[in-house]
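Enquirer: Heads up: the protein sequence lines correspond to chains H and X, in order. Using my numbering, you'd call the opening residue of the first sequence number 1 and step up by one each time. Using my numbering, you'd call the opening residue of the second sequence number 1 and step up by one each time.
Be careful, since some hints might not be right.
In this list, chains with the same sequence are indistinguishable; a pair is considered to hold if it fits within one copy or across any two.
Derived lysine to aspartate or glutamate pairs resembling EDC-like cross-links, with alpha carbons at most 20 Å apart [said to hold, decoys possible]:
#1 136 - 197
#2 159 - 50
#3 159 - 51
#4 159 - 54
#5 85 - 239
#6 128 - 31
#7 196 - 31
Note that these hints are calculated values from the structure, not bench results. Bear in mind that the values here come from a model prediction, so they are computed numbers and not experimental data.
2 protein chains.
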Amino acid sequence: MRYELYYWPGIPGRGEFVRLALEQAGADYVDVGNDEAAGGVEAVERFLDDERAERPPFAPPFLRAGRVVVAQVANILQFLGPRLKLVAANEADALWTHQLQLTITDVVAEAHDSHHPLGPGEYYEQQKPEARRRAKAFREERIPRYLGYFERVLAGNPKGPRHLVGARLSYVDLSVFQLVTGLRYAFPKAMRRIEKEVPNVVELSAAVARLPNIAAYLDSARRLPFNESGIFRHYPELDG
Amino acid sequence: MRYELYYWPGIPGRGEFVRLALEQAGADYVDVGNDEAAGGVEAVERFLDDERAERPPFAPPFLRAGRVVVAQVANILQFLGPRLKLVAANEADALWTHQLQLTITDVVAEAHDSHHPLGPGEYYEQQKPEARRRAKAFREERIPRYLGYFERVLAGNPKGPRHLVGARLSYVDLSVFQLVTGLRYAFPKAMRRIEKEVPNVVELSAAVARLPNIAAYLDSARRLPFNESGIFRHYPELDG
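Can you build the whole structure from these sequences, using the hints too?
Expert: Put into structure tokens, the structure is as follows:
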């Protein structure tokens, strides 16, 4: 099965949570938006605008697997999980893994809103004072609350704090790595403080980066650098 | 199976999307936060603060079904779907239903942010000018985009525009009803304009309200009125 990932080119963005799962599993996939030979951004837009689509995605990323098209990051990962062996087989564990992934979805949306509190329709430059206030609350209250939650989940895992769910790697471990990495890029000063309180989260992120397939990916040209068009943006005036 | 729904008392909020599914199915459930005999808000807080919990929810609502505890509205509905016969059995339809529900999650978060653009840590009264700007963008761009998307999905359903997925009622139909009803409460002026463009969405909402179990529920004391502590809030200065 060759998977086709459709996402905007040039940014890690929400697509990165899917890429990490595909890379860790060594799956055969094409990153359509970043691959001119596969159609590039025009192929992404054509798909979104297809008037005859019976099941159109609301927004990228979406994944095509044969005749199935799945959108929404957490839903894509839920779909891929059993296929890539990145989730436990029993229903209770799968639901719990998905529940944690949906909490990642929430904090990612808040990370976006820290630089776009007035919505996606205006540029950052049009909402800088508001972004300062929202980013302060995000740094001081929300990041500690979310990362503290994942710390609590790791510490409470009866199989030990090396993974969020059970004794094996799952897709949500990969997503926590991406979350921590993105937050470090966006808020380096704040994260130096916050990370002291969440040692298990820090260790999980480091362990994911050491996985051979992930390490090779991070070292490759396929890993797109964070930048100020994505979700995790470094504006020094929003850090502190 | 008696289900226990844990959610903050006194508001429809995110819990309402779960209540509608339970009510439509005629399920045996207790709304713990609103039921003093079942423990009320103290029981919700005790659950959240339980240091020994192996799988703590990040936030309400969460649902207890025997030994399983599920959080995140879309995940709860995904769990309940097959049990309440509110989703199709095949994987592709279930994924598509869940994908649509996750899009409801997104617009609900934006509805909340329309009155709290600077985050949940400050009162509405502390962010009124910012809320005006965000609510304007929400009314003029985001509501039409989201409802227009659901209109497109209904119009494109090969089984006809009466349901979002296939030829039968699913939990996401109930959620679209709640979304439309909440938006009408919060933004009555804007919705009078917007609804003209989305006739299938309007008809679906009306059809859900006519379902015998839903009609009886809406007429009961269990249906909590919208108010200015919930997600959908009516502040006249934010409508237009």
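Enquirer: What hints, given by number in increasing order, does this structure fail?
Expert: 5, 6, 7
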